[in-house]
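S.K.: Protein chains in written order, with this note's numbering: chain F, 12 to 445; chain A, 12 to 445.
Quick caveat, the hints were computed from the structure, so don't treat them as lab data.
This one's a predicted model, so the numbers in the text were calculated from it and none came from an experiment.
Treat the hints with caution; some may be incorrect.
Given that identical chains are not distinguished, each listed pair holds provided it fits within a single copy or across any two copies.
[Claimed, not checked] Listed next, the in silico BS3-like pairs over lysine-lysine satisfying Cα-Cα at most 30 Å (straight line): (1) 35 - 349; (2) 266 - 35; (3) 13 - 35.
Protein chains: 2
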Amino acid sequence: MKTLRVGLCGLGTVGQGVLELLQKNADLISLRCGRSIQLVRVASRTEKPQVDLGNAVFSTRIEDLLEDADIDVIVEAIGGSDTALSLMHAALKSNKHIITANKALIAEHGNILIPLALAANLYLGYEAAVAGGIPVIKALREGLAGNQIDRISGIINGTSNFILSAMSQSGDDFDTALQDAQKLGYAEADPGFDIDGVDAAHKLSILAALAFGMPLHFDSVYMEGISDVSVEDIQYARDLGYRIKHLGICSMDTKGLSLRVHPSLVPSGQMLANVEGVMNAVQIESDALGSSMYSGPGAGALPTASSIVADLIDLARGNTGDMYYNNEATMVGIEKIKTAYYLRIPAVNKPGVLAEVARELSSHGISIEAVTQRERNASQDVAVSWVPVIIITRQVMEDTMNKALASIQASDHVVGKIMRIRVEAGDTHKHNVG
Amino acid sequence: MKTLRVGLCGLGTVGQGVLELLQKNADLISLRCGRSIQLVRVASRTEKPQVDLGNAVFSTRIEDLLEDADIDVIVEAIGGSDTALSLMHAALKSNKHIITANKALIAEHGNILIPLALAANLYLGYEAAVAGGIPVIKALREGLAGNQIDRISGIINGTSNFILSAMSQSGDDFDTALQDAQKLGYAEADPGFDIDGVDAAHKLSILAALAFGMPLHFDSVYMEGISDVSVEDIQYARDLGYRIKHLGICSMDTKGLSLRVHPSLVPSGQMLANVEGVMNAVQIESDALGSSMYSGPGAGALPTASSIVADLIDLARGNTGDMYYNNEATMVGIEKIKTAYYLRIPAVNKPGVLAEVARELSSHGISIEAVTQRERNASQDVAVSWVPVIIITRQVMEDTMNKALASIQASDHVVGKIMRIRVEAGDTHKHNVG
Numbered sequence: 012m013k014t015l016r017v018g019l020c021g022l023g024t025v026g027q028g029v030l031e032l033l034q035k036n037a038d039l040i041s042l043r044c045g046r047s048i049q050l051v052r053v054a055s056r057t058e059k060p061q062v063d064l065g066n067a068v069f070s071t072r073i074e075d076l077l078e079d080a081d082i083d084v085i086v087e088a089i090g091g092s093d094t095a096l097s098l099m100h101a102a103l104k105s106n107k108h109i110i111t112a113n114k115a116l117i118a119e120h121g122n123i124l125i126p127l128a129l130a131a132n133l134y135l136g137y138e139a140a141v142a143g144g145i146p147v148i149k150a151l152r153e154g155l156a157g158n159q160i161d162r163i164s165g166i167i168n169g170t171s172n173f174i175l176s177a178m179s180q181s182g183d184d185f186d187t188a189l190q191d192a193q194k195l196g197y198a199e200a201d202p203g204f205d206i207d208g209v210d211a212a213h214k215l216s217i218l219a220a221l222a223f224g225m226p227l228h229f230d231s232v233y234m235e236g237i238s239d240v241s242v243e244d245i246q247y248a249r250d251l252g253y254r255i256k257h258l259g260i261c262s263m264d265t266k267g268l269s270l271r272v273h274p275s276l277v278p279s280g281q282m283l284a285n286v287e288g289v290m291n292a293v294q295i296e297s298d299a300l301g302s303s304m305y306s307g308p309g310a311g312a313l314p315t316a317s318s319i320v321a322d323l324i325d326l327a328r329g330n331t332g333d334m335y336y337n338n339e340a341t342m343v344g345i346e347k348i349k350t351a352y353y354l355r356i357p358a359v360n361k362p363g364v365l366a367e368v369a370r371e372l373s374s375h376g377i378s379i380e381a382v383t384q385r386e387r388n389a390s391q392d393v394a395v396s397w398v399p400v401i402i403i404t405r406q407v408m409e410d411t412m413n414k415a416l417a418s419i420q421a422s423d424h425v426v427g428k429i430m431r432i433r434v435e436a437g438d439t440h441k442h443n444v445g
Numbered sequence: 012m013k014t015l016r017v018g019l020c021g022l023g024t025v026g027q028g029v030l031e032l033l034q035k036n037a038d039l040i041s042l043r044c045g046r047s048i049q050l051v052r053v054a055s056r057t058e059k060p061q062v063d064l065g066n067a068v069f070s071t072r073i074e075d076l077l078e079d080a081d082i083d084v085i086v087e088a089i090g091g092s093d094t095a096l097s098l099m100h101a102a103l104k105s106n107k108h109i110i111t112a113n114k115a116l117i118a119e120h121g122n123i124l125i126p127l128a129l130a131a132n133l134y135l136g137y138e139a140a141v142a143g144g145i146p147v148i149k150a151l152r153e154g155l156a157g158n159q160i161d162r163i164s165g166i167i168n169g170t171s172n173f174i175l176s177a178m179s180q181s182g183d184d185f186d187t188a189l190q191d192a193q194k195l196g197y198a199e200a201d202p203g204f205d206i207d208g209v210d211a212a213h214k215l216s217i218l219a220a221l222a223f224g225m226p227l228h229f230d231s232v233y234m235e236g237i238s239d240v241s242v243e244d245i246q247y248a249r250d251l252g253y254r255i256k257h258l259g260i261c262s263m264d265t266k267g268l269s270l271r272v273h274p275s276l277v278p279s280g281q282m283l284a285n286v287e288g289v290m291n292a293v294q295i296e297s298d299a300l301g302s303s304m305y306s307g308p309g310a311g312a313l314p315t316a317s318s319i320v321a322d323l324i325d326l327a328r329g330n331t332g333d334m335y336y337n338n339e340a341t342m343v344g345i346e347k348i349k350t351a352y353y354l355r356i357p358a359v360n361k362p363g364v365l366a367e368v369a370r371e372l373s374s375h376g377i378s379i380e381a382v383t384q385r386e387r388n389a390s391q392d393v394a395v396s397w398v399p400v401i402i403i404t405r406q407v408m409e410d411t412m413n414k415a416l417a418s419i420q421a422s423d424h425v426v427g428k429i430m431r432i433r434v435e436a437g438d439t440h441k442h443n444v445g
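Here chain F stands alone, though its shape is the one from the complex (with noise of 0.2 Å):
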C-alpha cells in the first residue's frame, strides 16, 4: 500500500518528539498498519535544527509544504494561535489532512475548522490535544461509542495537579510549589494559562464536545483556579477523607449541559483523588459502560508524540471516521449546579458562633454533613483571637450556597473571607464494592 507522506511544521518540544518517535519505530509503526508513514519534509523557523531529519527535507518556508503536492498530511506542532490558524486552514484548502495537539486552537476555532474538515472530506486528527499520551478521544469517539455519555471529569492540567500534589505531599504553600514547578519545567514563567484554568477549560470543552455531539463551548466553561487554595485547606480536607484536586467537569441532565473547571474535594478512596503529579487522568461515566478511567502522562514531547502518531496511524489504515452530529443543549449555569461544599469560615473564637453559622446555613435549607472546628496555625495575622470553622455540607444548588454565604460573610463573628470548594462525590469510580 502507498506510504503515508507527511510534512512536520514546528520542531520544539513536540515537533521533536514526533520525529523521533517516527524514526525510532518506523518498522514496526509499518508492520502494524500495513503501509509505511514517511516524513518527507520538516518546516521551522529555526534556521538549522540540531536534530537528524533522516530523509527529511528542511524548510524554514511552511509554504513548502504545502505546496508539495506528493504531501499527504501537515502535522502542526507549531503551538500558538495566528500561524497555526492560517496553517490549518492553507493546509485544508492545499487538500491537506490536518493532525495537531493544539487545544486553545481546536477549542476556540474547532467549529470552523471540523466542519470545513469534514465538508472537504479531509481528516483533522486532535488525539493529543487532550490529556497528553492517553487515548481518551478515541476511547470517546470509538470505544464508548454505543454509549450515552452522562458525565466526564477530569484531571487534565498536569501543572495544577503537580502543585496541588506538592503541596498535599511537602506542606508547601502554592506560591513555592509553583515555583518548585517552574524548576522542573512543569509550570510556564507566566503560568496562569494552567493555574488559572485556561488550559482544562479548552480540554475539557473538546471533551463535551465529542460526548455530546456539540459544537465547542469554550466561552460557557465555568472557570476557577487553583490559586486561592491554601495548604490548610489540604490538610482539613484530608483530615474528612477528600483530597482536593483540580477537576474539569462537563454532564449533562435533562437540564441541560454542564461545563466548569475549578478546584474539587474528591473522596481519597476515589481512584481520581490517587492521581498525583503531573498525571492526568479521565473519568467517564456512561450508561452501558458505567464509570471507566483512563490515566497517565498529560504532557511531554514523547506522550504528545504516541497521540500524534496514533493519529497518523489512524489516518494511514484510513479510519477517519468521525462522530460530529450537531446536536444542542441547553447550557446550564454554575449557580444552577447543585453539589456538596467544604467551607472554611475564619470565625471569631466564642461560644455559639458554630450554632449561628449551622442556623444561617439551616435557614437556607442547607443541611451539614460534617463540621470540625480547628486551632488556627500559629500566623497572627488576624488581630481577634479566632479559629477555622470547616464543613462539608450536603447537596445545595450553588444560588442557594451563595445566599447563605453573603449572610454568614457580613455576620460580625467571621473576621475574614470565607473559602468555599465544591466537593464531587458524585462519581461512582471508587473500584469497590458494598
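We have chain F; now place chain A onto it with these hints.
M.R.: Relative to the frame of chain F, chain A by itself:
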C-alpha cells in the same frame, strides 16, 4: 449509507445486553456512525425469549442467520466452546464478519480463526473478550500503535479481585469470600476457571498477542490461582505497604516474552493496588507514552455489550484494520523471571531462627529488603510453639529462590509450608512525582 445488518446468536446475559443497548441507543449510534445498525435476526435455543426483540426475527436455528444473505455480521454470544467455534467457522465460510466476547475461544483457537478472517477480508472483533467494557484492545491496537509495548500488568478477572478485596476489607477467609462472591453472582458455582487463573490467562494471552504482534500463546502462560492466599498474608502485606492482587503480566525484553498469572504484592500507592471489587484495570508500559492505565467494569451484561457494540460501530465505520504481523519471540519460563518475593515462613519460636533463614537466603545471593517476625494467631493447629517470619526480598531469579526455599523448607526449624508471593514493584504507574 447502507444499514449494517446484525445477526445475534445467544440470548443469555451478554446477548440480552447487546439487544438492550442496540435498542436503547439506536438513534445515537446512527448519528455517531452515519449509518444505522440493525438487529435483523436473533437465534437462541430457548423457545420463547422473554425479551422484546423489536423487528428482529427469532429463530432456534443458528443456520437461519448464516443462510440469510442480508446479514453482514454475526454477534457470537453463545459462550462455551464447541458450538461457538463451529459457528465462527461457519460464519467465516458464509462471508460474514464476527464479533465475540468469547475469550476462551479467541485464546485457544485464535491462531486459526484470526488468519482465516484476515484471508477472507472479514472482521473478527473481540474487544469484549478482555476486561469487559474497558476499550483496552482498542488502546493497544490503535491508541498506542506508535509505541513499542514493554509490559502489561492487569487485574483482568473480577471474581478473583472481588474475593481478594473482600478478604482485605472484611478479614473474611478465602472460603467465606468465595461464598459471598457466589451469592452475589460474581462467581460461578464451579469457580475454578476464575480463581485458578485460567480466565485471566486467556485474556492475558490475547493482550500479549496484540501488544507484541504474535500468535496466541495461551499454553505458555504460567498460572497460579488465589486459593492459597490467606487473610494473614493480606494483613502482613498491608503492614509492609503492599496490597495483594491477582495480576496477569506479560513483558518483553531482550531475553524474550514472559506470560504469567499469579497473586502479587503491589505497593499500596500504585493505582493498580487501589482497584477493588469486580473492577478490572490494565496498566500498559510503553516506550513513548510511558505508563498508562485503563480501568472500569470487567464484566456484566451492559459493559460487555458496550464493547460488542463498539466493535459493531468500528465495522460500520470501516475501521477494521488489524495489526497482526506475525512476530515471534523466545518464551521466557517462570524460573527465569526476576522479581522480589514476599515469604511467610512458619518457624520455631526460638532465638537464632531468623538468623539461620537470613544466612540461607544470603548463601544463595538473596538480599532481604524487610523482615518482621510476628506473633502467630490464636489458632493452635501446630503442636510446637512457632511464629511466622515475614520477609520481603530484593529481586532474584525464580530458580535461585526455588533452591533457597528448598533448603529453608528442609530445616528443622521450619514447621509448615512456606508461602511465597511475588512482589511486582517493577511498574512505575504510581501517578506520582519525585
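S.K.: With reference to the structure, classify each hint as holding or not holding.
M.R.: Now the hints, each set against the structure:
no., hint, in the structure
1, 35 - 349, "between (49 Å within a copy, 28 Å between copies)"
2, 266 - 35, "between (50 Å within a copy, 21 Å between copies)"
3, 13 - 35, "within (21 Å within a copy, 41 Å between copies)"
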